[in-house]
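Trainee: Following the hints, position chain B against chain A.
2 protein chains.
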Amino acid sequence: MTRRILITNDDGVKSIGIGILTEIMRPYGQITVVAPFEPQSGMSAALTIGKPLRLTELKSEKNLKIYACTGTPADCVKMAMNKIFNNKAPDILVSGINHGANASVASLYSGTLGAAAEGTIYGIPSIGFSLISHDPKANFEAAIHFGKIIVDNFIKTPPKPDIYLNVNIPATTKEEIKGVKFSKQGRGQWINEFEERKDPYGSSYYWMTGEFLNIEPQNKLADHNLVSDNYISIVPHKIDTTDYQEITRLEELWKL
Amino acid sequence: MTRRILITNDDGVKSIGIGILTEIMRPYGQITVVAPFEPQSGMSAALTIGKPLRLTELKSEKNLKIYACTGTPADCVKMAMNKIFNNKAPDILVSGINHGANASVASLYSGTLGAAAEGTIYGIPSIGFSLISHDPKANFEAAIHFGKIIVDNFIKTPPKPDIYLNVNIPATTKEEIKGVKFSKQGRGQWINEFEERKDPYGSSYYWMTGEFLNIEPQNKLADHNLVSDNYISIVPHKIDTTDYQEITRLEELWKL
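So the protein sequences, as listed, match chains A and B. Residue numbers 5 to 260, in the numbering used here, belong to the letters of the first sequence in order. Residue numbers 5 to 260, in the numbering used here, belong to the letters of the second sequence in order.
Same shape as in the complex, but just chain A:
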């Protein structure tokens, strides 16, 4: 039976990254792309509540259908499940290739990974790919070469239920890559996050900018350090974010 593949992203249906990902995935089965009309970077697992969504078919070939949705990446996955796959989960979900890193705490804000999380909740083995560059002319060579190797493994040995994979790939040649490593979500945060400007009427407005502060620069298992050192990083993320040890600790200390 033909493998049914759902592809989405957060940079929008017209982005370079989703086009490259679609080409990588073509040999693996029947492809359905459902991606946002407009860029939706930083949308996390946000859903559209309070305004309606549109779904538009852009291409319909035998093994490649492309739809655009007006919502967020997670909306796209929900729309695909409810209105295209009629609630029969596809075999895999592949999200990306994102233009820009989704390592460390960026994984929290990532629409690419919000979509992968959404697929995981439906029971679909899900994986997100990100390139460590926002440059539209960035080098996708390593992403294409190692992307296929990673997809081969992902299909043969998917993550356990309720876990999705987050792959970050340096924007370079395949020769420059030192290796592919499973790793953990690194610790970090953004600082100096807004640029203040004055509008023509003298009032302030703020653009989000920011610099990344690396909290654990020495940790060789942290994804953001690995990609800086030209490794490809793969982090398994959980849907269940409960800290079970903290339940026990606080149960003993709180007076309830």
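The hints are simulated quantities; they were obtained by calculation from the structure and are not laboratory data. One thing to keep in mind: the hints can contain errors.
If several chains are the same, the list does not tell them apart, and a pair holds so long as it fits within one copy or across any two.
As the list claims (entries may be wrong) - Calculated pairs, DSS-like style, for lysine-lysine (alpha carbon to alpha carbon, straight line, at most 25 Å):
1. K259 with K202
2. K202 with K87
3. K164 with K259
4. K259 with K185
Mentor: Okay, now just chain B, sitting in the frame of chain A:
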């Protein structure tokens, strides 16, 4: 030294829930509210990228300052840190009281908890409160009574770094509450998620709706089951969502 308290939410600065939370918090210190102008339910940890933000002061009393921000709940926390607290983290962050449950996978989509996660990344002890009802006339009695007890404990014994608390409270009287329990994020998903309509020109559009499917109705530690049974649930959630066991398992099985 006076305790500095940041309050935010995802229902917007004018919601009933944030007004009640502000009154609960008044005895604990100096309050700064920074909340969205408009409702931002379902926004998860989304950030506003690609359009600028505005910040407006609505009230400035000695111990109560209120600001509205045009962005998401996570944007509000970033704006508070960068532009109001000048990067000196407040002592605690309290988010809510949300109108509607944030138990089970709803915690993934919740803007209330997106703000709490953002506070946690800055190192601020953070907690989110949600009421199990969307009705604007819902009963906040238990939320007010037990909210104070929970805040007392939270201030004395905050969660460990990189962990935030998610409190869900039934919309009822304090007598009806069977107890307060630490619990885990329950497993579930939404189904039948869109209502399709036709616009006046004959084209389809979709409203997000949906029914909750309870995957583990027998699990007495699951937060969504506890609140259905009139318990108050407190789940400790982690910022680091890495599954460390899965790293080891996939390292052995994948051919990399």
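Trainee: Please go over all the hints and tell whether each is borne out by the structure.
Mentor: Going through the hints against the structure:
When the C-alpha separation of K259 and K202 is checked against a cutoff of 25 Å, the pair qualifies neither within a copy, at 50 Å, nor between copies, at 55 Å. For a Cα distance limit of 25 Å, the shortest separation of K202 from K87 across copies, 15 Å, qualifies, whereas the shortest one inside one copy, 45 Å, does not. When the C-alpha separation of K164 and K259 is checked against a cutoff of 25 Å, the pair qualifies only between copies, where the shortest distance is 17 Å, while the shortest distance within a copy is 37 Å. Taking CA atoms no more than 25 Å apart as the test, K259 paired with K185 passes between copies only; the shortest distance there is 11 Å, against 44 Å inside one copy.
Consistency with the previously given hints fails for number 1 only.
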